[in-house]
Amino acid sequence: MTASTPRPSPLLEAARAAIRLRYGEQPCAGRAAQSVDAGNAAAWNPVLDTLLAHRSVRAFRPDPLPPHLLPWLVAAAQSAPSSSNLQTWSVVAVEDAGRRQRLAALVGNQRHVEEAPLLLVWLVDLSRLQRVAEAAGRTIEGPQYLDTFLMGAIDAALAAQNALVAAESLGLGSVYIGAMRNRPEEVAAELGLPPQVHAVFGHCIGWPDEARPAYVKPRLAPEAVLSRERYQPAPPEAIAEYDQALQAYFAAQGIAHPAWSTQVLDRLRDPAALKGRHRLVEALHGQGFELR
7 MTASTPRPSP
17 LLEAARAAIR
27 LRYGEQPCAG
37 RAAQSVDAGN
47 AAAWNPVLDT
57 LLAHRSVRAF
67 RPDPLPPHLL
77 PWLVAAAQSA
87 PSSSNLQTWS
97 VVAVEDAGRR
107 QRLAALVGNQ
117 RHVEEAPLLL
127 VWLVDLSRLQ
137 RVAEAAGRTI
147 EGPQYLDTFL
157 MGAIDAALAA
167 QNALVAAESL
177 GLGSVYIGAM
187 RNRPEEVAAE
197 LGLPPQVHAV
207 FGHCIGWPDE
217 ARPAYVKPRL
227 APEAVLSRER
237 YQPAPPEAIA
247 EYDQALQAYF
257 AAQGIAHPAW
267 STQVLDRLRD
277 PAALKGRHRL
287 VEALHGQGFE
297 LR
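Counting in our numbering, the sequence shown runs from 7 upward without gaps.
Calculated from the structure, these hints are not laboratory results. It should be emphasised that the depicted structure is a prediction, and the values quoted were computed from it without experimental measurement. Idealized CB from N, CA, C, for every residue including glycine. Worth double-checking, as some hints may not be accurate.
[As the list claims (entries may be wrong)] Using C-beta positions, here's what the derived DEER-type ranges look like:
id, residue 1, residue 2, range
1, Asn46, Ala141, 49 to 55 angstroms
2, Ser175, Glu216, 14 to 20 angstroms
3, Pro77, Ala48, 53 to 59 angstroms
4, Pro68, Val138, 25 to 31 angstroms
5, Pro241, Gln107, 42 to 48 angstroms
6, Glu216, Tyr151, 43 to 49 angstroms
7, Gly260, Tyr151, 45 to 51 angstroms
8, Gln150, Arg218, 43 to 49 angstroms
9, Val138, Ala48, 28 to 34 angstroms
10, Ser233, Ala278, 18 to 24 angstroms
11, Leu197, Val138, 17 to 23 angstroms
12, Leu57, Ser89, 21 to 27 angstroms
13, Asp249, Arg144, 23 to 29 angstroms
Modelling step: build the complete structure from the supplied sequences, incorporating the hints.
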């Protein structure tokens with residue numbers, strides 16, 4: 007850098023570093039970082055810092071959470087958009103150690119489910135709408151249709167993501183637990199879920215254990231997920247570059263891990279690879295969802 011070249015501002019450098027970290031060892035990392043220049047760096051803000059720094063935390067300290075945090079997280083969740091304002095979701099906060107232990111067994115003995123001081127289970131909840139109809143002496147057919155279930159799942163995901171970002175902005179760590187769908191009937195029994203309520207996923211929250219740190223995992227290049235005006239398939243070279251970047255990410259931690267494309271094919275290979283989720287429609291029918 008010559009004397010006549012101004013040094014980039016700390017904010018500019020931090021923004022570019024956050025973007026590079028998100029894409030890891032891929033050529034796209036530098037290209038994406040260049041979207042932040044001296045002219046627009048001032049628009050970067052702490053919300054973007056929090057979002058780009060997300061990492062899945064699976065190691066928690068045993069410290070309990072202060073009582074005020076759960077209401078804050080729920081308020082953040084309820085600030086998410088809701089289709090037609092129907093608010094077709096609910097959440098169960100599980101803090102009891104015995105219940106967390108039993109749920110951990112149902113999701114494949116994931117240690118962090120038992121270890122995190124707070125487990126949130128996000129639910130599609132159409133039963134509340136049915137109770138509103140019953141109280142009004144009316145019959146509603148909408149909850150019997152697939153779109154209404156999908157609405158509840160989307161609403162729950164949007165609410166959960168708001169809670170996740172709120173938690174991370176407060177210094178907490180978290181990770182979602184999709185395996186809550188592996189044994190849905192047993193999860194429903196453990197949580198006392200009535201008909202037309204379904205656990206979409208779990209959400210571990212707690213103070214990260216600094217002795218077992220989590221890292222920012224690289225994502226696919228923007229050109230693999232972004233189309234302009236009309237859909238375009240991901241360029242093959244973007245998949246190949248991501249395979250290399252993800253393997254480098256795990257190798258840096260001393261972990262042998264297959265390429266992403268291999269992981270995808272193995273995860274979706276056959277019904278057995280779905281670990282119980284291949285019978286989700288059957289489970290939903292048993293829970294009172296008609297899904298017409």
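For each hint, the structure was consulted:
At about 52 angstroms, the beta-carbon gap between Asn46 and Ala141 stays in the expected band of 49 to 55 angstroms. For Ser175 paired with Glu216, a C-beta distance near 18 angstroms keeps the hint of 14 to 20 angstroms intact. The supplied range of 53 to 59 angstroms is broken by Pro77 and Ala48, whose beta-carbon atoms lie about 34 angstroms from each other. For the pair Pro68 and Val138, the supplied restraint of 25 to 31 angstroms is violated, since their beta-carbon distance comes to about 41 angstroms.
Evaluation of the 42 to 48 angstroms hint for Pro241 and Gln107 yields a pass: the beta carbon distance comes to about 46 angstroms. A hinted range of 43 to 49 angstroms for the beta carbons of Glu216 and Tyr151 is consistent with their spacing of about 48 angstroms. At about 49 angstroms, the beta-carbon gap between Gly260 and Tyr151 stays in the expected band of 45 to 51 angstroms. One distance hint, 43 to 49 angstroms for the beta-carbon pair Gln150 and Arg218, holds here, with the actual separation near 46 angstroms.
Taking the beta carbon of each, Val138 and Ala48 are about 47 angstroms apart, not inside 28 to 34 angstroms as hinted. Checked against the given bound of 18 to 24 angstroms, the beta carbons of Ser233 and Ala278, roughly 34 angstroms apart, lie outside it. Between Leu197 and Val138 the Cβ separation comes to about 22 angstroms, which falls inside the hinted range of 17 to 23 angstroms. Distance hint check: the CB atoms of Leu57 and Ser89 are about 23 angstroms apart, consistent with the given range 21 to 27 angstroms.
Hint check: Asp249 to Arg144, Cβ distance near 54 angstroms, so the stated range 23 to 29 angstroms is violated.
Checked against the numbered hints listed earlier, the structure breaks hints 3, 4, 9, 10, 13; every other hint is satisfied.
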